[in-house]
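J.: The whole structure should be built from the sequences, with the hints applied where relevant.
2 protein chains.
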Amino acid sequence: MVFWSNRRGARQELPRLRPRVAPTEVAKVDFTELVPDPVPFLGQAAYIQLEFFESLSKAVIGATSMHSKERLSAAAGIALRKHHELIAELRRLGVEPDEVMAPFAPATDRLGQATAGADQYELMLGIHVTSGMLDDYFARLAEGLPADLRTRVRSILAAGGIGEVLDAELRAAIESQPGLADRLALWGRSIVGDTLLIARSALRGSEPAERAGDRVEPVFTELIAEHTRRMDALGLTA
Amino acid sequence: MVFWSNRRGARQELPRLRPRVAPTEVAKVDFTELVPDPVPFLGQAAYIQLEFFESLSKAVIGATSMHSKERLSAAAGIALRKHHELIAELRRLGVEPDEVMAPFAPATDRLGQATAGADQYELMLGIHVTSGMLDDYFARLAEGLPADLRTRVRSILAAGGIGEVLDAELRAAIESQPGLADRLALWGRSIVGDTLLIARSALRGSEPAERAGDRVEPVFTELIAEHTRRMDALGLTA
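Chains L and Y, in that order, are what the protein sequence lines are.
Quick note on numbering: our numbering labels position 32 of the first sequence as 32, and the sequence is numbered without any gaps.
Quick note on numbering: our numbering labels position 191 of the second sequence as 429, and the sequence is numbered without any gaps.
Each hint should be verified, as a subset may be incorrect.
[Said to hold, decoys possible] Sample of chain Y residues facing chain L (criterion: CB under 10 Å; computed from the structure):
#1 Tyr285
#2 Ala314
#3 Gly315
#4 Ala437
#5 Ser439
[Said to hold, decoys possible] Pair ranges (Cβ atoms, derived):
#6 Arg171(L) x Leu331(Y): 51 to 59 Å
#7 Leu149(L) x Ala396(Y): 50 to 58 Å
#8 Ala168(L) x Leu331(Y): 22 to 30 Å
#9 Ala463(Y) x Ala238(L): 57 to 65 Å
#10 Gly332(Y) x Glu175(L): 25 to 33 Å
#11 Arg330(Y) x Thr64(L): 50 to 58 Å
#12 Arg388(Y) x Ser65(L): 27 to 35 Å
No lab work stands behind these hints, which were simulated from the structure alone.
Here a beta-carbon is modelled for each residue, glycine too, at the ideal position from N, C-alpha and C.
T.: Structure below.
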């Protein structure tokens, strides 16, 4: 996907290949310096929300108590609303959302399959981990969008509630089922890599993106730190 | 489920068992004479919408084109909104929606399983037939609710769009796949009985309900007539 440019201009005078900067040497990442092309940005973000919606729907179907169905269906509704609001932004830009989302479908579908797990609990943790990391990631990237679009996208992505529902559902399950915590701790750890690959795919392909890749490295570190906090909240070792 | 009463009063003076009136002899059904108890009415209607949401989510997951996913996810969103608006009415009445819905879950889940079919097309037709008949049925029953609740429930149930999406999806599939029409015509016919059982379950159990059962008989005839029109619209023999 070639959709990154540098707000400061193309800088053709810079060497096209420069030595990779080790992540630790990059002091501060200014995400507003990274300018995602709005169309593919919205397309990928929108399709990812559709994937979360599908996974949350599976969790609704698999829920055994009415109370869980209620909470999870509310969470599914939040993901679906984000999806539809993001494709409304694509329409506003005069493009056909289906065509824009299509290139992101295969990798996103694979993430959904890879994180669906073996049962209801692994499914829920899979959504908790991937949506926790990716919602946060896309919200940060959105900082580089043009001002008016940035405001709207920020508001769309800020809609919370999914993490709270999954945290509450998982917490109740872990408390009532001895041994589940150990299994879920392992499972949560195994998902992080797949999720970071999707985050990285938003930067792949262009020369400026390669450079951007260096600058966003610390962001991945932060994403993992927040993942650790989510796992800690559930009493799981990340 | 005992939740029917007669707005005109209990009429204890009437014989408790009277000869069944043949449906053809009942000239006109005044649904406003039937007074559903709001709580179980809302509980059953709400749970049925949750079932439609789950079935539509399965259709989103099973859809192979992005365009179909878009349309079906919008339809799933409509069912989910109806569900949440109906449980909001239950909360307004001071009851716990989970407890009110629970008794309706087994039969509704069975309907969902019985109408899920063998593939994406049978699944979509199953939703089209059951939601077409039951949305219409519950909208008619809602006429007997207290005035303010009736207005809100009528507005909740009137939210359209699901039938249009399923009609468009099924029409496209039938046009492009020779032989599908015959299979779906058979399938559609086989669903009607299961759906009517659910409709009937809303009337079962009480003496007044038994009498109501006679009076609503023509409504079932109308439900089937509308089912026939939906099938005709798809070029399927009902």
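J.: Now look at each hint and say whether the structure bears it out.
T.: Comparing the hints with the structure gives:
Interface restraint check for Tyr285(Y): the shortest CB-CB distance to chain L comes to about 8 Å, inside 10 Å, so the restraint holds. Checking Ala314(Y) against chain L by beta carbon gives a least distance of about 7 Å; that is within 10 Å, so the hint holds. The interface hint given for Gly315(Y) is met, as the beta carbon of that residue sits about 5 Å from the closest beta carbon of chain L, less than 10 Å. Interface hint at Ala437(Y): violated, since its Cβ lies 22 Å from the closest Cβ of chain L, which is beyond the 10 Å cut-off.
The interface hint given for Ser439(Y) is broken, as the beta carbon of that residue sits about 18 Å from the closest beta carbon of chain L, more than 10 Å. Distance hint for Arg171(L) and Leu331(Y): a CB-CB separation of about 30 Å, inconsistent with the stated range 51 to 59 Å. Between Leu149(L) and Ala396(Y) the C-beta distance comes to about 35 Å, which lies outside the given range of 50 to 58 Å. A hinted range of 22 to 30 Å holds for the C-beta pair Ala168(L) and Leu331(Y), which are about 25 Å apart.
The beta-carbon spacing between Ala463(Y) and Ala238(L), approximately 60 Å, falls within the hinted interval of 57 to 65 Å. About 30 Å separates the C-beta atoms of Gly332(Y) and Glu175(L), a value consistent with the hinted range of 25 to 33 Å. Restraint check, Arg330(Y) to Thr64(L): a C-beta distance of roughly 27 Å breaks the suggested window 50 to 58 Å. For the pair Arg388(Y) and Ser65(L), the supplied restraint of 27 to 35 Å holds, since their beta-carbon distance comes to about 31 Å.
Hint compliance for this structure: hints 4, 5, 6, 7, 11 are not met, and every other hint is.
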